[in-house]
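Please build the complete structure, drawing on both the sequences and the hints.
Protein chains: 2
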Amino acid sequence: MSLKVYFDLMSQPARAVVLFCKVNKIPFTPKPIALRKYEQQSEEYKRINPFQKVPTIQDGDFKLTESVAILQYLAEKYNVPDHWYPKDLQARSKVREYMAWQHMNTRMHCATVFIHEVILPRATGTPPDEDELKQHVNTMHTTLTAMEDVFLKDTPYLCGDKISIADLLGICEVLQVTASGRNVTAGHPKLAAWIERVKADLSPHFNEVFVLLNRVRDKNMQEKAPPAKL
Amino acid sequence: MSLKVYFDLMSQPARAVVLFCKVNKIPFTPKPIALRKYEQQSEEYKRINPFQKVPTIQDGDFKLTESVAILQYLAEKYNVPDHWYPKDLQARSKVREYMAWQHMNTRMHCATVFIHEVILPRATGTPPDEDELKQHVNTMHTTLTAMEDVFLKDTPYLCGDKISIADLLGICEVLQVTASGRNVTAGHPKLAAWIERVKADLSPHFNEVFVLLNRVRDKNMQEKAPPAKL
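Residue numbers (the working numbering), protein chains in the order written: chain C, 1 to 230; chain G, 1 to 230.
Since the hints were made in silico from the structure, they are not lab data.
It is possible that some hints are incorrect.
Note that identical chains are pooled: a pair holds if it fits in a single copy or bridges any two copies.
Think about it this way: if two alpha-carbon atoms lie no more than 20 angstroms apart in a straight line, the pair counts; the simulated SDA-like pairs of lysine to any residue are [said to hold, decoys possible]:
| # | residue 1 | residue 2 |
| --- | --- | --- |
| 1 | Lys199 | Met10 |
| 2 | Lys153 | Thr142 |
| 3 | Lys162 | Asn79 |
| 4 | Lys53 | Met104 |
| 5 | Lys134 | Met221 |
| 6 | Lys77 | Ala91 |
| 7 | Lys53 | Val150 |
| 8 | Lys53 | Glu148 |
This is the structure in structure tokens:
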């Protein structure tokens with residue numbers, strides 16, 4: 001099998017790429033790279049991806065990094081159903097518009113909350129600075145409101161009437177925040193409905209790919225829960 | 001003329017879009033939006049671009065934001081020479097890889113230096129915090145080194161043997177930093193050679209589109225220069 005996918009299921013964009021392959025039955029050789037063991041920093045992996053991040057794909061001799069570029073490559077190469085990455089120029093441009101927008105918005109602001117609420121406390125052994133975290137959470141909610149008011153304003157999916165690679169990237173970023181046990185859709189009914197819609201479209205593969213994140217979430221929720229009455 | 005381009009020549013991605021149209025002789029109605037007068041914040045412009053940023057294009061009834069999506073739309077719609085956005089899937093994917101990478105790298109880190117060195121001092125009337133600025137400058141140089149070591153490693157342009165829309169976005173971001181009078185290519189000979197190469201390919205339109213930025217640069221260099229001997 002010539003397509004190799006390097007991933008870690010804890011990485012948002014890596015989940016999007018793995019989900020895309022599974023849902024579209026694109027055969028690939030899984031190449032797990034454990035971020036918690038710093039496997040991405042090995043010299044061997046640096047030759048695959050000089051930025052030492054996941055995901056990366058290798059198709060024969062051709063290597064490609066950056067989930068946004070990878071998803072478009074796979075959609076075009078494997079001729080998946082048109083709604084994923086439409087051939088119509090205007091519809092396709094709308095998918096690319098969200099994918100360009102999300103880097104400095106959904107991706108950056110959701111990841112920042114995740115890092116401050118999950119990664120840094122584990123790494124340093126100290127709880128997050130509450131004021132700083134609150135600021136990051138507020139910024140994230142501004143972005144989530146923009147997703148509702150602009151991209152989901154008139155359509156059930158981020159870029160139209162059907163699911164596209166934009167929704168795949170979007171749901172993986174938004175749900176990353178739930179790893180702390182946080183209810184990310186609080187105050188965002190439109191976003192909550194969109195998440196359920198996308199999840200349904202991605203089942204049964206959704207649960208399979210989110211298994212690791214959901215395990216972290218459940219553990220964090222258990223730790224936060226008040227002790228059971230004796 | 002149905003294609004309208006909303007822009008300000010002080011905006012990096014807006015310059016890239018205007019340059020692309022001029023170099024490829026794509027006819028458009030210019031719609032200048034003066035950022036210094038906060039024209040992007042008007043209710044009228046909000047109906048064109050809900051994020052109130054430039055550039056935006058409007059082609060008939062179709063509106064599109066995000067320079068990365070706009071450049072691909074124009075390249076495909078106007079059937080420009082193939083090197084700008086290649087039809088070959090692997091070559092095209094490499095252009096998309098840089099365009100996805102640049103958001104959190106070239107774009108973010110060059111803009112951060114520009115904001116701290118040019119925008120904030122003018123807005124607040126106080127010079128930049130030297131330690132903070134130094135940190136931002138160091139991060140930017142790490143990104144510029146990555147451009148040299150990865151994207152320009154084996155090729156004269158960011159994504160191959162010929163100029164593409166990736167180079168256009170790249171040069172507009174990198175040169176934004178020169179607005180303060182800073183020599184952005186110091187220590188980056190490969191990047192300096194690439195800039196000259198891209199400038200040559202974009203002449204005579206390059207100077208025309210960079211006129212405003214170069215005016216700010218010249219003014220800042222004059223202010224910084226030691227007083228002439230009497």
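Status of each hint after checking the structure:
1. Lys199 - Met10: Classified as within; 17 angstroms inside a copy, 42 angstroms across copies.
2. Lys153 - Thr142: Classified as within: same-chain Cα gap 15 angstroms, cross-chain 39 angstroms, threshold 20 angstroms.
3. Lys162 - Asn79: within (17 angstroms within a copy, 28 angstroms between copies)
4. Lys53 - Met104: both (18 angstroms within a copy, 13 angstroms between copies)
5. Lys134 - Met221: Intra 19 angstroms, inter 41 angstroms, cutoff 20 angstroms: intra-copy only.
6. Lys77 - Ala91: Both ways: lysine 77 and alanine 91 sit 19 angstroms apart in one copy and 13 angstroms across, limit 20 angstroms.
7. Lys53 - Val150: between (30 angstroms within a copy, 14 angstroms between copies)
8. Lys53 - Glu148: Close across copies (18 angstroms), not inside one copy (30 angstroms); limit 20 angstroms.
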